[in-house]
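Colleague: Each chain, written out:
2 protein chains.
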Amino acid sequence: MDSPADTTPLAALLAKVPQPEPGRRKGALHGSTVAQLRNLIVTGALAPGAKLNERELCLQLGVSRTPVREAIKTLTQDGLLRALPNKSSVVAELDVGEIEALIDVVSTIEGLAGELAAARATDEAVAEIGMLHYRMMLHHTRDELPGYFEANKAFHRRIVELSGNPVLLWIWELLALRVDRARYSSNLWPKRWKMAIQEHEQILAALSAGDAALASQRLREHVRNGLSGLVAALKDRIAKPDGA
Amino acid sequence: MDSPADTTPLAALLAKVPQPEPGRRKGALHGSTVAQLRNLIVTGALAPGAKLNERELCLQLGVSRTPVREAIKTLTQDGLLRALPNKSSVVAELDVGEIEALIDVVSTIEGLAGELAAARATDEAVAEIGMLHYRMMLHHTRDELPGYFEANKAFHRRIVELSGNPVLLWIWELLALRVDRARYSSNLWPKRWKMAIQEHEQILAALSAGDAALASQRLREHVRNGLSGLVAALKDRIAKPDGA
DNA sequence: CGAAAAATTCTTGCATACAAGAATTTCGGC
DNA sequence: GCCGAAATTCTTGTATGCAAGAATTTTTCG
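Protein chains in written order, with the working numbering: chain A, 5 to 248; chain B, 5 to 248.
Please keep in mind that the hints were generated in silico from the structure rather than gathered at the bench. Don't take every hint at face value.
Any copy, or any two copies together, can satisfy a pair, since identical chains are not distinguished.
[Claimed, not checked] Distance condition first, Cα-Cα at most 27 Å in a straight line; then the derived DSSO-like pairs of lysine-lysine:
hint, residue 1, residue 2
1, K55, K30
2, K195, K157
3, K91, K30
4, K157, K30
5, K91, K244
6, K239, K195
7, K55, K195
8, K55, K157
9, K198, K91
10, K30, K198
11, K244, K30
12, K91, K195
13, K30, K239
14, K55, K198
15, K198, K239
16, K195, K244
17, K239, K91
18, K91, K157
As the structure is a computational prediction, the values presented were derived from the model and not from experiment.
Modelling step: build the complete structure from the supplied sequences, incorporating the hints.
Modeller: Have a look at this one:
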């Protein structure tokens, strides 16, 4: 009943998480605990439906229950966990219906970002976003899926930042968490990556031209296409769980 | 140094907050603490920039620091508070620029809600939303500003619910917190209430007809008009602080 | 042997104790 | 009398203790 190996697979996952040094500064525990736990959830290391035992998390993260509980509360608010009264929180299910709901919202939000960004796009900003696009292509040629995801996300994020609207960025960040989770869950190369690259270039062109309506429309469609493909991949994955 | 009257005006504000009975159920403190504190911030009872002393909040709310700290974390994530490392959290400033940023986001979000809701609008749902509209008018005739605000919010909320998109509702709730704060801050009857009523009726008509494009456009414009008026009122208020 | 009930164990929710950093006050020097 | 530095006080960040509710195991009865 005390053997560490079989109490739960969670132990193994957490064992390799780098722990903050004892000689740390005060006030850094909450943030780092949230980041570690969030990463485990978004990457799928903690599977949907998994129960979170606070005591166990404390042991593995090397912190007390206070920061762990705070992190759980934070991630619950972000929609990554579900809280049950007087019971263990569980990792939120990755509901395909919810991801379909995400499509409408994210595409609309990014469409707005594109509209606003086009009006503010300097040559420098467009060049910077273009660089992120090429970084994404580079990762693709190298077969580096995580780097590809990251650069793709940075491309979109930078456009939202360029919109100059802090509320929009805030909302986008919240939505991006869920999108990331879905992406990691599929863990496949998007089948439409070639088309995605074309769409990125067309978005860049619209931004560069300062054409708000066009940038908005192209971003909306690009996001919709991408997420629709993701949903299709997830449905496939559900149909045949072990990627044949 | 111990006289309760002058340590801070916060004490007076909190003194009248109904406290949960000692014979309560376990697990209700976090939620109620968040609700109480949020209400104080949204209504403006806690002014923007005010520092939150945890110990004092504990005394006044009759709970320990744990739920208070959790509530502070929650409201910080909602953007109502700002956290400073190793220092007291403060009530977020009510920045007019941020409210202007809200206009674009909220109008877009509600526009999407209208688009989706129109496709799902049954006669029953439209009637229900119409009822909320009439309730709002009733509060107007009675000069009941809080009731007016509440019914207006319920009208909009119900449309978002009707969209059937849970992600959209989630985002809308987050945005509505900030909108409410701005509304309470102005604490004026909207000058354009007569126009707002007309717009509501036109929105209802579009929903009833199932015209997604029209419902979307009308909601977008209605929200934009309303929030623009709000911003104008706030700018006025800043120019001449004591409403002459 | 199976099932239901009681007792035990475990887990969360809240309160509190302790430590590190910030703010304030006081004391010394000029 | 004023400025600066040291000491004190105060406040937040983290850990732990205690109680209520849930889960599990054991025991007892049919």
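Colleague: Look at each hint and say if it fits the structure.
Modeller: Hints, one by one, checked against the model:
1. K55 / K30: This pair counts as between: shortest inter-copy Cα distance 21 Å, intra-copy 29 Å.
2. K195 / K157: Classified as within; 17 Å inside a copy, 43 Å across copies.
3. K91 / K30: between (30 Å within a copy, 12 Å between copies)
4. K157 / K30: So K157 and K30 fail the 27 Å test inside a copy (31 Å) and across (42 Å) alike.
5. K91 / K244: Answer is neither: 32 Å inside a copy and 52 Å across each miss the 27 Å cutoff.
6. K239 / K195: Cα proximity of K239 and K195: one copy only (14 Å, versus 51 Å across).
7. K55 / K195: Cα proximity of K55 and K195: none, with 33 Å in one copy and 52 Å across.
8. K55 / K157: neither (29 Å within a copy, 36 Å between copies)
9. K198 / K91: neither (46 Å within a copy, 50 Å between copies)
10. K30 / K198: neither (47 Å within a copy, 55 Å between copies)
11. K244 / K30: neither (48 Å within a copy, 43 Å between copies)
12. K91 / K195: Intra 41 Å, inter 49 Å, cutoff 27 Å: neither.
13. K30 / K239: neither (45 Å within a copy, 40 Å between copies)
14. K55 / K198: Classified as neither: same-chain Cα gap 39 Å, cross-chain 52 Å, threshold 27 Å.
15. K198 / K239: Close inside one copy (22 Å), not across copies (49 Å); limit 27 Å.
16. K195 / K244: within (17 Å within a copy, 59 Å between copies)
17. K239 / K91: neither (30 Å within a copy, 48 Å between copies)
18. K91 / K157: So K91 and K157 fail the 27 Å test inside a copy (35 Å) and across (33 Å) alike.
Checked against the numbered hints given earlier, the structure breaks hints 4, 5, 7, 8, 9, 10, 11, 12, 13, 14, 17, 18 and satisfies all the rest.
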